[in-house]
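*Asks:* Listed below are the residues making up each chain.
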Amino acid sequence: MSWRVKLAQKTAPADVQALQDLFERHDAAVRVLMEEDISKKMRAELQWGVHRANYEKNRSIYERGVSERGMRYLVKHNLVDAKLIAKWKKPGYERLCSTAAVTTSNTNMGTVSICRVPLRCRQPEQVRPSVLTGCVTCATEDDGPIWWNEEPPERVLTWVFC
Amino acid sequence: MQEAPTPASTPSFPLLCETCLGPNRCVRMTRDERGRACKVCERPFLEFRWKPDGANTRHKKTEICSTCARAKNVCQTCMFDLNFGLPVAVRDQLFGLGGAPDAPLAGGSTIPQSQKMLEYAAMKNEEAVLDGSVAKLYDSQASNAPILAHQLARRDPKYDRNRAHVCSFFVKGECKRGIYCPYRHDMPASDKSSLSDQKFKNRYYGVDDPLAANILSRAAEKRNDASQVTIPSCDDNTVRSLYVGGIPSTCTAGELVNTFKAFGADSEGVRLVSERGFAFVDFQTHDQASAALHALHNRLELGAERKRVSLNWAKSRAAGAKRGRPTDSEARGARERDPKRPTTVPLPSESPTQLGSLPRKP
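Sequence lines, in order, name chains A and B. With the numbering used here, letter number 105 in the first sequence gets 215, and the count goes up by one each step, no holes. With the numbering used here, letter number 176 in the second sequence gets 437, and the count goes up by one each step, no holes.
The hints are simulated quantities; they were obtained by calculation from the structure and are not laboratory data. A virtual CB, placed ideally from N, CA and C, is assigned to each residue, including glycine. Careful, some of the hints might be misleading.
[Said to hold, decoys possible] From chain A, some residues computed to sit far from chain B (all C-beta separations above 12 Å):
1) 113
2) 115
3) 180
4) 185
5) 231
6) 233
7) 238
8) 241
9) 244
10) 250
11) 251
12) 261
[What the hints assert, rightly or not] Calculated lysine-lysine pairs in the DSSO-like style (CA-CA distance at most 30 Å, straight line):
13) B/385 x B/433
14) B/460 x B/377
15) A/186 x B/322
16) A/151 x B/377
17) A/200 x B/460
[Said to hold, decoys possible] Sample of chain B residues lacking proximity to chain A, with all beta carbon distances greater than 10 Å (derived):
18) 291
19) 310
20) 317
21) 440
22) 561
23) 566
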């Protein structure tokens with residue numbers, strides 16, 4: 111809700127104000143998440159929606175493109191996930207689903223999430239959504255991220271049944 | 262409040278058999294101090310957790326504490342003997358550690374029921390482990406084993422126990438995870454009902470262990486020891502057919518009819534499948550079938566070579582037909598035929614949370 115206030119201020123750059131529809135779309139997605147029936151969902155699955163919604167919102171802003179000044183404004187007022195967008199600028203992390211996937215303190219063995227491993231390097235039984243984010247793969251070469259609630263595309267199925 | 266006592270003698274690596282560790286000796290383990298209660302002595306203990314190598318394995322963890330494991334010289338996860346891979350009841354009987362000769366499966370000790378007995382037993386085990394008496398007891402077993410121990414022991418590891426568990430949602434036809442499901446999409450083995458009802462404490466103390474009973478029964482069959490052999494029972498009184506297995510090709514249907522005519526079967530009731538070496542014999546009543554089974558179990562020899570055949574109750578046709586693994590299209594068909602389920606599959610909507618069904622491709 112406070113993003114409306116931030117966007118309405120006089121100091122907000124014009125291209126940031128033009129992002130309003132993306133923020134509204136994110137609000138709608140979050141509202142759906144809050145209202146969904148959780149009784150049939152797995153405990154881990156409840157978090158996946160949050161990671162996906164966060165990705166969709168930041169990705170849409172990143173792809174539409176803002177000026178440098180606009181981006182500074184967004185970061186300063188916490189309107190975007192700055193750490194995630196910073197990763198997208200690094201080689202190899204262009205399609206990262208969430209910063210949680212590369213935080214090694216999140217895993218038992220101190221590794222990154224399984225979704226970071228390209229599908230061609232995985233065993234068939236490892237072609238699964240990451241427990242943390244619900245992302246099946248966010249490797250750049252796999253044209254990720256592919257989420258748990260999408261119909262698995264052909265390039266995923268080939269690695270499941272090989 | 263007194264803190265729960267933990268086993269004193271906890272080493273840095275769990276006591277495990279080769280099978281539970283998996284074919285690859287390189288495994289990554291996590292350790293959790295006082296992570297879980299031991300399934301036998303119910304005290305908190307250092308829990309190790311790892312994933313054995315292999316396709317579709319599950320994560321395994323130590324189920325009993327190291328003290329309990331050492332007291333019986335068993336693996337901390339599967340509770341089979343470390344030297345022979347046999348259940349405690351079988352091992353104890355072979356080495357004369359168990360109960361009275363006339364009640365070999367009763368075990369040397371009864372299962373502690375009360376909290377005080379549980380703690381007392383745990384304390385006794387601790388003492389025995391710490392002063393080295395159990396180590397002395399089991400060290401000599403590997404070298405001084407009776408021949409039967411080596412015959413019964415499994416030579417090669419069987420990694421089936423490391424597989425993922427059966428998906429209970431798939432069994433009901435409700436698994437929405439599809440190809441992403443980490444559990445096994447198989448039907449559970451339905452015929453071994455007593456084997457699927459095992460309890461940790463029974464297996465550990467060697468009391469009422471169905472797997473041990475099976476192993477000892479088969480060993481007794483080999484040795485022709487009638488007192489040990491258990492004749493399979495059938496609770497269903499409508500079943501009046503027997504299954505005869507391992508029939509040699511020299512045996513004819515006529516020979517079968519002659520054998521079972523005395524018990525009430527006629528030539529129409531005998532169905533022999535000679536290529537596969539089995540037959541079904543129908544009787545007129547359940548009691549006739551039971552009498553035939555009791556008379557001939559482990560004794561019937563057929564064919565020119567007088568080969569001993571196995572006898573058991575016949576499973577009903579419906580159960581037999583379902584024993585195979587249903588293909589996913591069959592399971593999906595079963596789902597679609599259910600009138601309560603919607604017949605159209607919802608398309609994934611634009612909302613990121615709509616979970617469309619993920620049918621598993623055949």
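*Asks:* Indicate, hint by hint, whether the structure satisfies it.
*Replies:* A quick look at each hint next to the structure:
1. 113: Per Cβ check, residue 113 of chain A is outside 12 Å of chain B; nearest 19 Å; holds.
2. 115: The assertion about residue 115 of chain A holds, with a minimum of 26 Å to chain B.
3. 180: holds (25 Å)
4. 185: holds (24 Å)
5. 231: holds (16 Å)
6. 233: violated (7 Å)
7. 238: Residue 238 of chain A is in fact no farther than 12 Å from some Cβ atom of chain B, at 5 Å.
8. 241: It is violated; residue 241 of chain A is separated from chain B by about 10 Å at its closest Cβ, not greater than 12 Å.
9. 244: violated (10 Å)
10. 250: holds (21 Å)
11. 251: holds (20 Å)
12. 261: violated (6 Å)
13. B/385 x B/433: violated (46 Å)
14. B/460 x B/377: holds (21 Å)
15. A/186 x B/322: violated (47 Å)
16. A/151 x B/377: violated (42 Å)
17. A/200 x B/460: violated (54 Å)
18. 291: violated (5 Å)
19. 310: violated (8 Å)
20. 317: violated (5 Å)
21. 440: Its Cβ does come within 10 Å of chain A, the nearest being 5 Å, so this is violated.
22. 561: The claim stands: residue 561 of chain B keeps its Cβ more than 10 Å from every Cβ of chain A (closest is about 45 Å).
23. 566: Label holds. Min Cβ-Cβ 46 Å, cutoff 10 Å.
Against the hints set out earlier in the document, violations occur for numbers 6, 7, 8, 9, 12, 13, 15, 16, 17, 18, 19, 20, 21.
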